[in-house]
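Participant: For reference, the chains in residue letters:
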Amino acid sequence: MNKPEGAALYESAEKIYPREMSGRFDRLSRVATITLLGLFYVVPWLTWDDRQAVLFDLPARKFYIFGLTLWPQDFPYLALLLMILAYSLFFFTAIGGRLWCGFACPQTVWTEIFIWMEQWTEGTRSQRMKLDKAPWSWNKFRRKFAKQFLWITFAMWTGFTFVGYFQPIRELASDIAALDVGGWTLFWGLFYGFATYGNAGYMREQVCKYMCPYARFQSAMFDKDTLIISYDEERGEPRGSRKRTDDPKEKGLGDCIDCQMCVQVCPTGIDIRKGLQYECIACAACIDACDSVMDRMSYPRGLIRYTTENALHHQKSRLLRPRVLVYATLLLVLVGILVTSMSMRTPVILDIIRDRNSLYRELPNDLVENIYTLKIINQSDHARQFDLGVSGIEGIILDGVPDPFEVAGGEVESLPVRVRVRRDNAYGIHDIEFTITAADDPSVTLAEDSRFLGPSP
Amino acid sequence: MIDEEYRGARQWSRNKQAAFAVGWISFLVAAIGTMVFFALFDPVDLTGIFDDDLDIGRDAGYAAGFFFFWALCALCSGVTAYLVRTAPRRDARHRQR
Numbered sequence: 001m002n003k004p005e006g007a008a009l010y011e012s013a014e015k016i017y018p019r020e021m022s023g024r025f026d027r028l029s030r031v032a033t034i035t036l037l038g039l040f041y042v043v044p045w046l047t048w049d050d051r052q053a054v055l056f057d058l059p060a061r062k063f064y065i066f067g068l069t070l071w072p073q074d075f076p077y078l079a080l081l082l083m084i085l086a087y088s089l090f091f092f093t094a095i096g097g098r099l100w101c102g103f104a105c106p107q108t109v110w111t112e113i114f115i116w117m118e119q120w121t122e123g124t125r126s127q128r129m130k131l132d133k134a135p136w137s138w139n140k141f142r143r144k145f146a147k148q149f150l151w152i153t154f155a156m157w158t159g160f161t162f163v164g165y166f167q168p169i170r171e172l173a174s175d176i177a178a179l180d181v182g183g184w185t186l187f188w189g190l191f192y193g194f195a196t197y198g199n200a201g202y203m204r205e206q207v208c209k210y211m212c213p214y215a216r217f218q219s220a221m222f223d224k225d226t227l228i229i230s231y232d233e234e235r236g237e238p239r240g241s242r243k244r245t246d247d248p249k250e251k252g253l254g255d256c257i258d259c260q261m262c263v264q265v266c267p268t269g270i271d272i273r274k275g276l277q278y279e280c281i282a283c284a285a286c287i288d289a290c291d292s293v294m295d296r297m298s299y300p301r302g303l304i305r306y307t308t309e310n311a312l313h314h315q316k317s318r319l320l321r322p323r324v325l326v327y328a329t330l331l332l333v334l335v336g337i338l339v340t341s342m343s344m345r346t347p348v349i350l351d352i353i354r355d356r357n358s359l360y361r362e363l364p365n366d367l368v369e370n371i372y373t374l375k376i377i378n379q380s381d382h383a384r385q386f387d388l389g390v391s392g393i394e395g396i397i398l399d400g401v402p403d404p405f406e407v408a409g410g411e412v413e414s415l416p417v418r419v420r421v422r423r424d425n426a427y428g429i430h431d432i433e434f435t436i437t438a439a440d441d442p443s444v445t446l447a448e449d450s451r452f453l454g455p456s457p
Numbered sequence: 001m002i003d004e005e006y007r008g009a010r011q012w013s014r015n016k017q018a019a020f021a022v023g024w025i026s027f028l029v030a031a032i033g034t035m036v037f038f039a040l041f042d043p044v045d046l047t048g049i050f051d052d053d054l055d056i057g058r059d060a061g062y063a064a065g066f067f068f069f070w071a072l073c074a075l076c077s078g079v080t081a082y083l084v085r086t087a088p089r090r091d092a093r094h095r096q097r
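From first to last, the protein sequence lines are chains A and B.
Take the first sequence: its position 119, counting from 1, is numbered 119 in the working numbering, and each next residue is one higher.
Take the second sequence: its position 50, counting from 1, is numbered 50 in the working numbering, and each next residue is one higher.
Quick caveat, the hints were computed from the structure, so don't treat them as lab data.
C-beta: ideal position from N, C-alpha, C; glycine also.
Misleading hints may appear alongside valid ones.
To be verified - In silico lysine to aspartate or glutamate, DMTMM-like type, Cα no more than 25 Å apart, as pairs:
{"hint": "1", "chain 1": "A", "residue 1": "K62", "chain 2": "A", "residue 2": "E279"}
{"hint": "2", "chain 1": "A", "residue 1": "K130", "chain 2": "A", "residue 2": "E20"}
{"hint": "3", "chain 1": "A", "residue 1": "K316", "chain 2": "A", "residue 2": "E233"}
{"hint": "4", "chain 1": "A", "residue 1": "K144", "chain 2": "A", "residue 2": "D175"}
{"hint": "5", "chain 1": "A", "residue 1": "K249", "chain 2": "B", "residue 2": "D59"}
{"hint": "6", "chain 1": "A", "residue 1": "K251", "chain 2": "A", "residue 2": "E237"}
{"hint": "7", "chain 1": "A", "residue 1": "K375", "chain 2": "A", "residue 2": "D57"}
{"hint": "8", "chain 1": "B", "residue 1": "K16", "chain 2": "A", "residue 2": "E237"}
{"hint": "9", "chain 1": "A", "residue 1": "K316", "chain 2": "B", "residue 2": "D45"}
{"hint": "10", "chain 1": "A", "residue 1": "K274", "chain 2": "A", "residue 2": "E309"}
{"hint": "11", "chain 1": "B", "residue 1": "K16", "chain 2": "A", "residue 2": "D271"}
{"hint": "12", "chain 1": "A", "residue 1": "K15", "chain 2": "A", "residue 2": "D26"}
{"hint": "13", "chain 1": "A", "residue 1": "K133", "chain 2": "B", "residue 2": "D59"}
{"hint": "14", "chain 1": "A", "residue 1": "K62", "chain 2": "A", "residue 2": "E406"}
{"hint": "15", "chain 1": "A", "residue 1": "K147", "chain 2": "A", "residue 2": "D180"}
{"hint": "16", "chain 1": "A", "residue 1": "K62", "chain 2": "A", "residue 2": "D26"}
{"hint": "17", "chain 1": "A", "residue 1": "K62", "chain 2": "B", "residue 2": "D59"}
{"hint": "18", "chain 1": "A", "residue 1": "K375", "chain 2": "A", "residue 2": "E448"}
{"hint": "19", "chain 1": "A", "residue 1": "K62", "chain 2": "B", "residue 2": "D45"}
{"hint": "20", "chain 1": "A", "residue 1": "K316", "chain 2": "A", "residue 2": "E234"}
{"hint": "21", "chain 1": "A", "residue 1": "K15", "chain 2": "A", "residue 2": "E122"}
As the list claims (entries may be wrong) - If you want the footprint, here are the derived chain B segments under chain A, 3+ residues with CB under 8 Å:
{"hint": "22", "region": "17-27"}
{"hint": "23", "region": "69-82"}
Unchecked claim - Just a few of them, taken from the derived set where beta-carbon distance is under 10 Å, the chain A residues facing chain B:
{"hint": "24", "residue": "Y64"}
{"hint": "25", "residue": "Q73"}
{"hint": "26", "residue": "F75"}
{"hint": "27", "residue": "D180"}
{"hint": "28", "residue": "G183"}
{"hint": "29", "residue": "F187"}
{"hint": "30", "residue": "W188"}
{"hint": "31", "residue": "M211"}
{"hint": "32", "residue": "G336"}
{"hint": "33", "residue": "I377"}
{"hint": "34", "residue": "G400"}
{"hint": "35", "residue": "P404"}
{"hint": "36", "residue": "F405"}
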């Protein structure tokens with residue numbers, strides 16, 4: 001068997017033309033799209049203390065998030081934050097199903113905007129289908145050109161905004177205006193812009209179907225009480241077309257009039273009536289579609305609705321269940337750790353490096369000396385005076401350190417330090433402790449351990 | 001009212017699925033790897049290791065690191081996907097006997 005086994009499964013690509021649909025969930029998704037994308041495009045322009053409020057300054061290796069400045073040493077916070085995001089996703093998935101996919105995922109949100117632009121330029125679903133089939137004409141060219149123009153402009157703006165999170169966006173804007181953009185800046189801007197264009201313009205639901213790992217394993221977080229979007233088979237079947245005036249009971253029909261609206265609005269091109277499928281991103285477009293049809297037929301709404309597997313089988317749904325409680329507990333613990341560690345974070349870092357060239361030095365006046373290099377990182381934004389102290393051996397003293405000494409805001413200071421102990425107290429190996437305290441704020445204090453070596457007794 | 005135009009969702013060939021899955025997942029993992037790696041090491045400190053005369057800035061260092069991780073991850077998951085895809089199927093062997 002040389003041919004890949006899946007070759008037979010291959011079908012010619014059918015483009016999906018999602019039908020436009022208004023309704024409750026469409027409004028919700030519009031609000032979500034505008035809010036989330038609005039945040040993405042606006043946040044880099046915000047200012048905080050005369051600098052960009054949110055800036056991941058990679059060249060300087062510092063992250064600014066409003067009042068907070070994070071250093072590479074703060075990496076554990078980022079790891080914690082990512083874990084919190086993951087558990088939030090698990091938690092909300094267990095309760096509400098694929099809320100993330102339907103309303104918050106960047107793929108969904110950008111696709112939504114790109115579909116709006118497609119609708120503005122190429123019209124409704126049926127107009128778009130007709131246009132694609134039609135031979136090239138001035139009208140077709142004009143509409144396609146307008147769409148591409150909007151898409152590409154928007155994608156470039158997106159790439160530019162993305163880069164604006166990593167370098168000051170105002171400077172970047174003036175650089176672009178002056179056509180003087182650095183190579184890497186241009187590369188990443190185009191890279192992100194092109195990815196947006198391809199993903200939101202062309203790949204769309206294929207990303208969810210074939211590339212998204214979450215879409216494949218989200219079912220592991222599901223149980224029978226998780227909210228899903230489902231067709232009420234019991235109520236809908238047997239489906240069939242009928243006149244508005246017909247009594248379905250007389251004709252032996254269920255409530256589904258088989259109008260295919262739920263299929264036409266689906267951005268992933270599935271038929272929700274076939275049951276829960278992993279392609280379903282829970283965007284709820286089919287609920288809006290079906291509700292509007294039910295309204296027209298004067299049937300009660302909710303033939304397709306948010307429900308749970310238990311509810312569909314006439315059993316009680318529970319919100320609090322072991323799975324939800326476990327996710328919630330883990331989430332609370334992680335948030336607790338993050339909040340406490342952030343609030344206990346001292347904006348100063350002290351690294352101690354012992355001089356490797358000599359273990360110790362004996363001085364003429366009965367003293368033993370060890371040499372260290374201290375690296376002091378002042379993580380605050382302003383210059384600060386620090387007092388340095390050392391303890392651990394009787395009569396231990398520091399030499400050659402100005403007291404207090406100053407470290408500029410956001411800078412690293414290397415300080416060579418001589419530590420001296422009287423010979424009688426210096427024999428052997430001793431644990432000592434350096435302490436550093438901000439002169440202006442005694443609560444900013446940090447202690448680090450090191451060793452003091454003396455001659456053998 | 002049934003829509004004659006509609007013939008179900010478009011599908012990708014298995015090879016295309018595998019290629020895009022490999023590319024995308026290795027991209028994500030490379031992004032995580034790059035973050036962790038460069039939180040610990042400064043690209044400016046690393047350039048001296050390979051070549052003393054090499055003097056590239058942090059921008060280029062981050063980019064080189066990211067593409068290195070991406071290529072490495074793509075190699076790993078690409079070969080894995082290839083082995084899984086081309087492995088003889090158990091039921092097929094049974095049928096042959």
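Participant: Run every hint past the structure and note whether it holds.
Facilitator: Evaluation of the provided hints:
no., hint, verdict
1, A:K62 x A:E279, "violated (40 Å)"
2, A:K130 x A:E20, "holds (15 Å)"
3, A:K316 x A:E233, "holds (18 Å)"
4, A:K144 x A:D175, "violated (31 Å)"
5, A:K249 x B:D59, "violated (70 Å)"
6, A:K251 x A:E237, "holds (12 Å)"
7, A:K375 x A:D57, "holds (22 Å)"
8, B:K16 x A:E237, "violated (38 Å)"
9, A:K316 x B:D45, "violated (61 Å)"
10, A:K274 x A:E309, "holds (14 Å)"
11, B:K16 x A:D271, "holds (24 Å)"
12, A:K15 x A:D26, "holds (22 Å)"
13, A:K133 x B:D59, "violated (47 Å)"
14, A:K62 x A:E406, "holds (21 Å)"
15, A:K147 x A:D180, "violated (28 Å)"
16, A:K62 x A:D26, "violated (40 Å)"
17, A:K62 x B:D59, "holds (14 Å)"
18, A:K375 x A:E448, "holds (11 Å)"
19, A:K62 x B:D45, "holds (16 Å)"
20, A:K316 x A:E234, "holds (17 Å)"
21, A:K15 x A:E122, "holds (15 Å)"
22, 17-27, "holds (count 5)"
23, 69-82, "violated (count 0)"
24, Y64, "violated (16 Å)"
25, Q73, "holds (8 Å)"
26, F75, "holds (4 Å)"
27, D180, "violated (16 Å)"
28, G183, "holds (9 Å)"
29, F187, "holds (8 Å)"
30, W188, "holds (8 Å)"
31, M211, "holds (4 Å)"
32, G336, "violated (23 Å)"
33, I377, "violated (13 Å)"
34, G400, "violated (27 Å)"
35, P404, "violated (29 Å)"
36, F405, "violated (24 Å)"
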